[in-house]
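J.: Listed below, chain by chain, are the residues.
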Amino acid sequence: MKSNAVALPTQEMLINMGPQHPSTHGVLRVILRTDGEVVVNAKPDVGYLHRALEKIGERVTYAQYMPFTDRLDYLASMNCNAAWCWTVEKLAGIEVPERAEYIRVIVCELNRIASHLIAFGSFTADMGAFTPFLYAIRERERINDLFEDICGNRLTYNYVRIGGVSADLPDRFLEKTKEFLDYFEPKVPEYNKLISYNKIFVHRLANIAVATPEDAVAYGLTGPNLRGSGVPFDLRKNEPYSVYPKFDFDVCVGTGERGTLGDCFDRYMVRINEMKESVKILRQAIAQIPEGPVMAKVPRMFKPPVGEVYFRAENPRGETGFYLISDGTVNPYRLKIRAPSFVTMNIFEKITKGLMIADVVAVIGSFDIILPEIDR
Amino acid sequence: MEPKEIFEKVQARFGEAAVELQEEGFRPAFLVVAPEKVREIGRFLRDDPAMKFDSLMCLSGVDYPDRFAVAYHLHSLAIGHRIGVKVYLPKEAPSLPSVDEVWPAANFQEREAFDLFGIVFEGSWDLRRILLPEDWEGHPLRKDYKYPEFYHGIKV
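In the order they appear, the protein sequences are chains C and R. Terminal number for the first sequence in my numbering: 376, no gaps in between. Terminal number for the second sequence in my numbering: 1156, no gaps in between.
Among the hints, erroneous ones may be present.
No more than 27 Å apart at the CA atoms, straight line, and that leaves these computed lysine-lysine pairs for DSS-like [said to hold, decoys possible]:
1. C:Lys237 with R:Lys1052
2. R:Lys1143 with C:Lys303
3. R:Lys1091 with C:Lys350
4. R:Lys1146 with R:Lys1091
Take a look, some chain R residues computed to stay more than 10 Å from chain C by CB distance [what the hints assert, rightly or not]:
5. Asp1063
6. Ala1105
7. Lys1146
Worth flagging that the hints you see were computed from the coordinates, not collected in a lab. Glycine included, every Cβ here is placed at the ideal spot set by N, Cα and C.
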């Protein structure tokens, strides 16, 4: 039988995903070149939220810069606050009281849980499961309540100070945190039952967007994204700062348990497991926290010595680094923020080649990017 | 490996291209190298079995009073040591070879330095403005940057 099929003309299509798109977690624009449903090339276009935070840094004093670090990664403000303080303290050689360091670790780990909860919730929502998001928000609300007790704020905390923290912990805070941990710990297995090993969910993530360990290192992935590729590197363990060496916890890595090592599922699972490790750290910190002052003596006209320092801290989204150049005046001479999400976007174009359009959503969610940090 | 040993190794291999070692007041210490050799030195630092600087943590442009600079912060996951590499560039038409084929992580950060400082990275995969609009005039992180009064005819 003679086929009467005609060769249909096909052509590649250019699609704008974003900047206003529910799954891009902010104002990220991805320029997709597609062949039918398959992505030929996906170029991220960033910068819609650029607020010149580095330029502002050259105009304000070291202490005044604190609220701006809140707005770097608003889901992990405590971590950004603390990273900035550790940088300045390293530059100026300030000794921080031990109690203050313990408080910092406690708030940072609580914030890490809160941030990973949002990562978990929004990622599952992107994949079409709305319920887990509500569970995540419910738990995060209790962390927000704890932070409200500490500093009055629920999103941008501005709590950590150069030389310590702005105020000691309120009454019953440690007991309340303990209660929260007792409540939260059994929730993690519940999430796994609810969604993690759900067949549809696993199918959406396994073997998608594989970042090999070599690529992950070369392209500058950090934090859970790097560990998702099976590289056991955690700054809290490998380059310890603050009082982290005193705590016993494991570095979670991807294992390729449902597909290939370094796929979306591994990155997702690392975050789930890290929440349990944060609980471990918190329990130890609460048990060990000493009494004492929470603020070192830092002069009001704070002038650090001339010098250059690079400090990096393990934040929920990876390595947040500050490269700080001081010329001995009250303002930084130059301040460069090494934002983990920004560097992570480097690998985006490479990793999305040949995926389906719907998988691009999975990739964005699995990297857990946050736009204010990318655009600064 | 100590910064001094690394510097001596680079000096033994590249001679004059290793200019100096900045240690006092710099954490981590910086190797200052000649701009035209930065890609080869980068590859040497990455591939040498005793150094293995496989990860580029941070790449920053700097506008010093008398010259520009590009600072690279390197870390070795395999060995666990770190070092800085710095390149000084003239105020007029600053340019240097791109290192994105040595460390792909450099690409976005080079684009950022190009965007905000006007430093040109020759041989880069894709050197465009990244944070600012394509038609922006000037490079805001330069110390002599003048704030624009108008943007597309709109008073700011």
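J.: Are the hints correct? Go through all of them and say.
T.: Going down the list of hints, with the structure as the test:
{"no.": "1", "hint": "C:Lys237 with R:Lys1052", "in the structure": "holds, 20 Å"}
{"no.": "2", "hint": "R:Lys1143 with C:Lys303", "in the structure": "holds, 21 Å"}
{"no.": "3", "hint": "R:Lys1091 with C:Lys350", "in the structure": "violated, 35 Å"}
{"no.": "4", "hint": "R:Lys1146 with R:Lys1091", "in the structure": "holds, 16 Å"}
{"no.": "5", "hint": "Asp1063", "in the structure": "violated, 7 Å"}
{"no.": "6", "hint": "Ala1105", "in the structure": "violated, 3 Å"}
{"no.": "7", "hint": "Lys1146", "in the structure": "holds, 13 Å"}
Against the hints set out earlier in the document, violations occur for numbers 3, 5, 6.
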